[in-house]
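Enquirer: Just so you know, the protein sequences line up as chains A and B, in that order.
Each residue of the first sequence is one higher than the one before, starting from 6 at the first, in this note's numbering.
Each residue of the second sequence is one higher than the one before, starting from 212 at the first, in this note's numbering.
Possibly wrong hints are sitting among the right ones.
Where chain A lies over chain B, by a calculated footprint (3+ residues, C-beta under 8 Å) [claimed, not checked]: (1) 246 to 255; (2) 334 to 343; (3) 444 to 452; (4) 478 to 489; (5) 540 to 551.
Straight-line C-alpha distance at most 27 Å; calculated DSS-like pairs for lysine-lysine [said to hold, decoys possible]: (6) B:478 to A:146; (7) B:413 to A:146; (8) B:478 to A:185; (9) B:278 to A:9; (10) A:9 to B:481; (11) B:278 to A:185; (12) A:125 to A:16; (13) B:413 to B:424; (14) B:413 to B:423.
Simulated from the structure, these hints should not be mistaken for laboratory data.
Ideal Cβ positions, reconstructed from N, Cα and C, are used throughout, including at glycine.
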Amino acid sequence: MSTKLKVSVYKLSSCAGCQLEFLNLEPVLLDLVGAIEFSYFPMARRRYEPGPYDIGFVEGAVTCGEEIERLKKARQECRILVALGSCACYGGLPSIKNWTPERVIVSRVYENSSLIHSIKAYGIDEYVQVDAYLKGCPVNKDELVEFIKGTLLGIRPRLRPHSVCVECKLNEYECISVIKREPCMGPVTTAGCGALCPSRGKACDGCRGPANDANAESLARTFSEYGLHRSDIVRRFRKFAGLTQEFSRGADAV
Amino acid sequence: MAVTRTSSVPDMVVLSGELWQELLKLVTAQYKVIGPVRRGSEHVFAPVKDPRDIDMAYVTTILPPKKVFHQPFQVLFSFDTEEGTLAEEESGEEKVLWGIHPCDMHAIAILDKVYGIEYPDPYYLRNRENTIIVAKNCTEVGENCFCLSMGTGPALRSGYDLLLTDLGGRYLVEVGTEKGRKLLSGLELVPAPRVVLVEKEKRLSQARQKFKKRMITQGIQELLEENFRHPIWEELMRECLACGSCTMVCPTCFCYNVVDKIDLDLKTGKRQREWDSCMLLEYAQVALGQNFRRDRDARIKQRIYHKLLYYEPQFGTLGCVGCGRCIGACVKRIDITDVVSRLAESVESDR
Numbered sequence: 006m007s008t009k010l011k012v013s014v015y016k017l018s019s020c021a022g023c024q025l026e027f028l029n030l031e032p033v034l035l036d037l038v039g040a041i042e043f044s045y046f047p048m049a050r051r052r053y054e055p056g057p058y059d060i061g062f063v064e065g066a067v068t069c070g071e072e073i074e075r076l077k078k079a080r081q082e083c084r085i086l087v088a089l090g091s092c093a094c095y096g097g098l099p100s101i102k103n104w105t106p107e108r109v110i111v112s113r114v115y116e117n118s119s120l121i122h123s124i125k126a127y128g129i130d131e132y133v134q135v136d137a138y139l140k141g142c143p144v145n146k147d148e149l150v151e152f153i154k155g156t157l158l159g160i161r162p163r164l165r166p167h168s169v170c171v172e173c174k175l176n177e178y179e180c181i182s183v184i185k186r187e188p189c190m191g192p193v194t195t196a197g198c199g200a201l202c203p204s205r206g207k208a209c210d211g212c213r214g215p216a217n218d219a220n221a222e223s224l225a226r227t228f229s230e231y232g233l234h235r236s237d238i239v240r241r242f243r244k245f246a247g248l249t250q251e252f253s254r255g256a257d258a259v
Numbered sequence: 212m213a214v215t216r217t218s219s220v221p222d223m224v225v226l227s228g229e230l231w232q233e234l235l236k237l238v239t240a241q242y243k244v245i246g247p248v249r250r251g252s253e254h255v256f257a258p259v260k261d262p263r264d265i266d267m268a269y270v271t272t273i274l275p276p277k278k279v280f281h282q283p284f285q286v287l288f289s290f291d292t293e294e295g296t297l298a299e300e301e302s303g304e305e306k307v308l309w310g311i312h313p314c315d316m317h318a319i320a321i322l323d324k325v326y327g328i329e330y331p332d333p334y335y336l337r338n339r340e341n342t343i344i345v346a347k348n349c350t351e352v353g354e355n356c357f358c359l360s361m362g363t364g365p366a367l368r369s370g371y372d373l374l375l376t377d378l379g380g381r382y383l384v385e386v387g388t389e390k391g392r393k394l395l396s397g398l399e400l401v402p403a404p405r406v407v408l409v410e411k412e413k414r415l416s417q418a419r420q421k422f423k424k425r426m427i428t429q430g431i432q433e434l435l436e437e438n439f440r441h442p443i444w445e446e447l448m449r450e451c452l453a454c455g456s457c458t459m460v461c462p463t464c465f466c467y468n469v470v471d472k473i474d475l476d477l478k479t480g481k482r483q484r485e486w487d488s489c490m491l492l493e494y495a496q497v498a499l500g501q502n503f504r505r506d507r508d509a510r511i512k513q514r515i516y517h518k519l520l521y522y523e524p525q526f527g528t529l530g531c532v533g534c535g536r537c538i539g540a541c542v543k544r545i546d547i548t549d550v551v552s553r554l555a556e557s558v559e560s561d562r
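Work out the full structure: start from the sequences and follow the hints.
Expert: So this is what it looks like as structure tokens:
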């Protein structure tokens, strides 16, 4: 490869935790910048180079009209557009506001609501075509590197599409659901995190959104059997990916 | 006198107290021992340094001991596209697998056929040949155990290097092979009297009384063949989470996927394999996205029919050994014995 891939990183409504993961790639960061060039990455570089770019990573949910404009421009200047993290994939944490009237949400945070032009929080594919989704809150560093390598080689990167349970079992973590009877989202959530939360004895939060054959209704019934109140079940399914068809079925199941 | 005793290890000995502790110390000092240890409220097979970590009273483990031979992640080789392919070095270290239950021993016997006959698998066979197996008969029975129905327990007849039976505070140790005898060679031992076999049989028949779970095996092939369109499959489709746990914990599942882990220089990397599962949607997906088992009920049926129907012509045995792990691991408490019983009941009521 003679010229490096030009990469841009954009930020919409988000905590910046996903783009921070690029900088957390320390052990391979030097190898990485040998293969790609961060042409537009305001968090890490003061100097910007103009597009077009080979890969554009978009972090964050779309929550106002101005962001739609910036997103559409990003789409235009990038050959491959990637949703970086669950906010960009599904709306993520900002999307928890979507089930409360905008006026109520705004007045809870801001004194002068006339300055706020907030709309419902969506993932970026509500407005533009997306070529790849890197899920998670934050994204998984290994998956991020795997994706870049795949793109450099021109092959499909291997991103685990199945449930978190598979990784839990492969690593022999104690089952949070069966043993502790806690409402673990693992059985319906996309793997790729290495079952991070269960490895620490904590129930999966569902941050990576629905797995490829998520049966959320059935899991919601089990949560109900574990004694979870209906509103708590709804909250669990709406925390990161409530807008997805799969998780909205879970929220509506009981 | 002591000299003649140690030079030949008898076929059958009873060890208690100090001698038992001495055996554990001796074996863990000389070999890499993999035995049942606690993890939270569950158990796993893990390397044991201190013999006190071994919990002989374990009922079951999260993953079966097959993981020692057919590893969840196994590097096949590392490669360098400029230098050519390099084979991965394997340690030839002899291991001891300690305290394997009869169900898991039967499962290993099935995997020996899968990986040892038609297409011998060098990775499996290397791990298998380097391992001494110390099995343990079951005198206690877990809530999900049904090996008695499958004819795979609670007593083991063959396949072991050493066989242990808990006689209450002391262990009967039977020698199966010379590899097994080697483990006992550092101890001063006297042959156990034949009468101890009566005690062993008493303990095992007591264990047989303790089973609560039962699998109907008589006529099971016909039962499954005739009920491929039974309404129970639709019901299971609504319940099953398709999470794959049942197949991940199964001691006879043998499917794997092969993936390349390429380094960032894009020139070097490792080819590795890892366990795969027919319960996962992507398992039967082929090029251009076509999927032969897109529906969840098709995958549920594949799992159950493979274990109880398709193994027989392939390997001459049922593919289920009654360890009960799939039942214990299922968030929805889907129970393979219950599925078969309900099929049998519905056929019965139709008559």
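Enquirer: So, for every hint listed, does it hold in this structure?
Expert: Do the hints match the structure? See the list:
1. 246 to 255: holds (count 5)
2. 334 to 343: It is violated, with 0 qualifying residues against the three required.
3. 444 to 452: Coverage by chain A holds for the region 444 to 452 of chain B (4 residues, Cβ < 8 Å).
4. 478 to 489: Since three or more residues must qualify, the claim that chain A covers the region 478 to 489 of chain B holds, with 3 doing so at under 8 Å.
5. 540 to 551: With 4 residues in contact (Cβ-Cβ under 8 Å with chain A), the coverage given for the region 540 to 551 of chain B holds.
6. B:478 to A:146: 21 Å, holds
7. B:413 to A:146: Judged against 27 Å, a Cα distance of about 57 Å means the pair is violated.
8. B:478 to A:185: 45 Å, violated
9. B:278 to A:9: At roughly 42 Å apart (the allowed maximum being 27 Å), residue 9 of chain A and residue 278 of chain B break the hint.
10. A:9 to B:481: Since the Cα atoms of residue 9 of chain A and residue 481 of chain B sit roughly 24 Å apart, the hinted pair holds (cutoff 27 Å).
11. B:278 to A:185: 25 Å, holds
12. A:125 to A:16: 17 Å, holds
13. B:413 to B:424: 21 Å, holds
14. B:413 to B:423: 19 Å, holds
The earlier numbered hints that this structure contradicts are 2, 7, 8, 9.
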